[in-house]
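Going down the list, the sequences are from chains A and B. If you're matching positions, the first sequence starts at 1 in this note's numbering and goes up one per residue. If you're matching positions, the second sequence starts at 243 in this note's numbering and goes up one per residue.
Any given hint could be a false lead.
[Unchecked claim] Among the chain B residues that face chain A by a calculated CB cut under 10 Å, a handful are:
#1 Thr416
#2 Pro440
#3 Glu441
Keep in mind the hints are simulated off the structure, nothing from the lab. C-beta atoms are modelled at their ideal positions from N, C-alpha and C, and glycine is treated no differently.
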Amino acid sequence: MSRTLTRSATIGPVVADPYPWPYDGTVPADRVALICIDWQVDFCGPGGYVDRMGYDIELTRAGLPGTARMLGHARATGMLVIHTREGHSPDLSDLPANKRWRSAQIGAEIGARGPQGRILVRGEPGWQIVSEVAPLSGEVLIDKPGKGAFYATQLDLVLRTKQITHIVLTGITTDVCVHTTMREANDRGYECVILSDCTGATELGNHTAALRMVTMQGGVFGCVATSEAVLAATTTGEGHDI
Amino acid sequence: MTSDPLTADSITVSADPGPFRCSPAHTALLIIDMQRDFVEPGGFGETLGNDVGLLRSVIPPLQRVRAASRAAGMAVIHTREGHRPDLTDCPPSKLSRGDPSLRIGDAGPKGRILIRGEYGHDIIDELAPRTGEVVIDKPGKGAFYATELHDLLQVAGITSLVVTGVTTEVCVHTTVREANDRGYECLVLSDCVGSYFPEFQQAGLAMIAAQGGIFGWVAPSAAYLGALNVLYPAVVGATTGDERS
Numbered sequence: 001m002s003r004t005l006t007r008s009a010t011i012g013p014v015v016a017d018p019y020p021w022p023y024d025g026t027v028p029a030d031r032v033a034l035i036c037i038d039w040q041v042d043f044c045g046p047g048g049y050v051d052r053m054g055y056d057i058e059l060t061r062a063g064l065p066g067t068a069r070m071l072g073h074a075r076a077t078g079m080l081v082i083h084t085r086e087g088h089s090p091d092l093s094d095l096p097a098n099k100r101w102r103s104a105q106i107g108a109e110i111g112a113r114g115p116q117g118r119i120l121v122r123g124e125p126g127w128q129i130v131s132e133v134a135p136l137s138g139e140v141l142i143d144k145p146g147k148g149a150f151y152a153t154q155l156d157l158v159l160r161t162k163q164i165t166h167i168v169l170t171g172i173t174t175d176v177c178v179h180t181t182m183r184e185a186n187d188r189g190y191e192c193v194i195l196s197d198c199t200g201a202t203e204l205g206n207h208t209a210a211l212r213m214v215t216m217q218g219g220v221f222g223c224v225a226t227s228e229a230v231l232a233a234t235t236t237g238e239g240h241d242i
Numbered sequence: 243m244t245s246d247p248l249t250a251d252s253i254t255v256s257a258d259p260g261p262f263r264c265s266p267a268h269t270a271l272l273i274i275d276m277q278r279d280f281v282e283p284g285g286f287g288e289t290l291g292n293d294v295g296l297l298r299s300v301i302p303p304l305q306r307v308r309a310a311s312r313a314a315g316m317a318v319i320h321t322r323e324g325h326r327p328d329l330t331d332c333p334p335s336k337l338s339r340g341d342p343s344l345r346i347g348d349a350g351p352k353g354r355i356l357i358r359g360e361y362g363h364d365i366i367d368e369l370a371p372r373t374g375e376v377v378i379d380k381p382g383k384g385a386f387y388a389t390e391l392h393d394l395l396q397v398a399g400i401t402s403l404v405v406t407g408v409t410t411e412v413c414v415h416t417t418v419r420e421a422n423d424r425g426y427e428c429l430v431l432s433d434c435v436g437s438y439f440p441e442f443q444q445a446g447l448a449m450i451a452a453q454g455g456i457f458g459w460v461a462p463s464a465a466y467l468g469a470l471n472v473l474y475p476a477v478v479g480a481t482t483g484d485e486r487s
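Same shape as in the complex, but just chain B (with noise of 0.2 Å):
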């Protein structure tokens, strides 16, 4: 990460706390936990009391920034939360904090909760992985700990990262955090990450952005798109186009 990637074919999106540039094959779109259990009606994070509303609004637009990032050329990877079925990777703290009325690995409305291979452990029909994109399978909050995230990035030589996904205060700034302190700058699109509370939303930009960009860079999507859309135009502008019709 010490050879400059930029060459001509990098993009800059006007971004807070100022211009982020990368280079489209250098960069990866990061959607993270865009879950049923988490974003669906009826699903888990609704059974908590959650308003599932504030996490899918950011389902439009992330739609259309991963079709631009794949016209582009761009990596494309998700992740999900998650535990085996026997639940040998969930720390006890994680299973028993709280006393919760629902507990990981018990019967949701949508399969046994956060368990992989579990209808609700699943991503969302909007954003279903393609053939060939990368899915992680994380045990925690980060993106990180205990997955084969950085070596999949150091092998496909990303130095930096396009993030999307939910919640904003937690599996999106502990991931954030985590490729911070790895090297790699972070682009978090401000309409692309949710939260179950406005006031994290707003919190978790702005820390993101703080002390000069102590985290990464913050934009909305068309910030992103419309810098693309400098590099690609027909396939970005059709793309767009054709995610609206």
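Pulled out of the complex, with its shape left as it was, chain A reads as follows (with noise of 0.2 Å):
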């Protein structure tokens, strides 16, 4: 029998708001994804588009460490990795009139020149991942134009493939990008939890008003937990076996 640590692992129950989180109980390490979102540093860099929107980095860069933690319990637990990044082709063929025009009423436009390159262009040094939780090399990568990971792109796709059935979520922001993405995945029926302490907005109020918005009515689009509640939740195949 094997019993390589890496591919016994599972996870649950978590300590979650508002049930312990896998509804189902527990989920084999290798049907959860990580989905670490927009860990960009045009989000949570200086120079990026958020720096230059003049909003506080520090509270988009909140949820790094945590994150960098919770990346490596995943590879070593056998999760499957995901990382996302907006951003818009140089022709910016993909970038919808009205989305260009808030960008420049708020005095970033996308597409044109800052301190990090052509602001949230693919290619563009603001548009990379930043270092704290860089990919690795075989992770996946996905390219979103929009807020939400599955609309316009191959995640849907790529998680039936790896029959992923449950999601763990970090990123910024939580109240755009990331509670956009999770809804989206709520609804096509991923089990998801978000991590308080692997996410951050650009104003605080909107991260704890997101995160509530997900404990309400039994959990509308999931759990709410903490990186931590993950790791003390995971039982290796050795805990396991007998």
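Bring the two chains, given one by one in their own frames, into a single complex with the hints.
What follows is the structure, encoded as structure tokens:
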């Protein structure tokens, strides 16, 4: 009998709000995807899009240490690791007119040149994922044109192909891209948990409200937990086998 | 959606974070999930301990908005959340999560809960769809996922949505997020969307208009009716008068 640790880890029940996650008790780690959303220089680095809009990037950077720890855990236990990047092609042919207009109104037009290259354009320095949570070779990268990671991407196809049923969410920002993706995943039947210490928003109030919204109505989109709780609820194969 | 649909017949609504412009010919009124199970006393929502009064407050302004939008020739689209009687379109996670006392498909006070064809699943009488108005049945919170809404809007040349219904932070928000990623301009009418939780009503509306309108625009129905009235003084004025009397 194989006792390879990375093949037999299970997760759950995780101490979470409003119910112990997941709903079905425990889940093998290889059925779980850790999705790291938009940890890009443009959203949490100096000179990037969020910085240029005048927000405090310390708020969007707050979840980096927790996410780095969670990434290490996911890699060690055999979870599927997925990173997403919001951005547009250099000719901006996938940029809706209203999205461009709004970014210009707030002084950081998508496609315009900034200290980190063209704002939210694929291949530019600002579009890259920050080093603290950089993808490893072989990990799945999803490039998305919207806030949601499912719209106009192959994310759903990848998850179904890898037989993923459960999703752990980290990333930025809590109320925009993480929440939109969690809502999309939930409608598609994936069992989700969002990690409060691995997310962040441009305003603390929006971060807090977004997390609370998840917990209402018995967990309308899933659950909220911490990375520590997920780590504590992970059982290795050796722990299970007699 | 690259060509500018705004023409001489466009309206401008005072909104947060700035003026919202649209052409009624390219705009649809979206009325989300005004179903008996969510909104009526004795329904599923109330059995969960929620105060449906907070949702019912949207009915009078929504009636005025619908009448004026119809008078302006706009498309009116209704949505209903629900599942097939055999629950084959209900994800196990949705069915079992949180170990609820009443599950989807159980016998409830107004028929099987959130099942298509049941009395409680249908839209309240005050906002019953008129013949010819589109009704979208959706299995999720978002009105775009696993429905024909996007195709239907594309065929009709719709580029903007005036969004109303319940609940603000769940189905309204999910739908606005989906619409925004697809390039639609959304105006959410603050007094025509409702939540069981006042805290989330306020936070949900603030999130839409944040960061220069990251998901769209927010305005009270009076601002929208006023803008329509400029373009269609006879029909809109008469219609809103009728609703009050």
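Taking the hints in turn, this is what the structure says about them:
1. Thr416: For threonine 416 of chain B, the interface hint holds, since the closest Cβ of chain A sits about 4 Å away, which is under 10 Å.
2. Pro440: Result: violated, 12 Å to nearest chain A Cβ.
3. Glu441: This hint holds: glutamate 441 of chain B lies near chain A, its Cβ roughly 7 Å from the closest one there, short of 10 Å.
Against the hints set out earlier in the document, a violation occurs for number 2 only.
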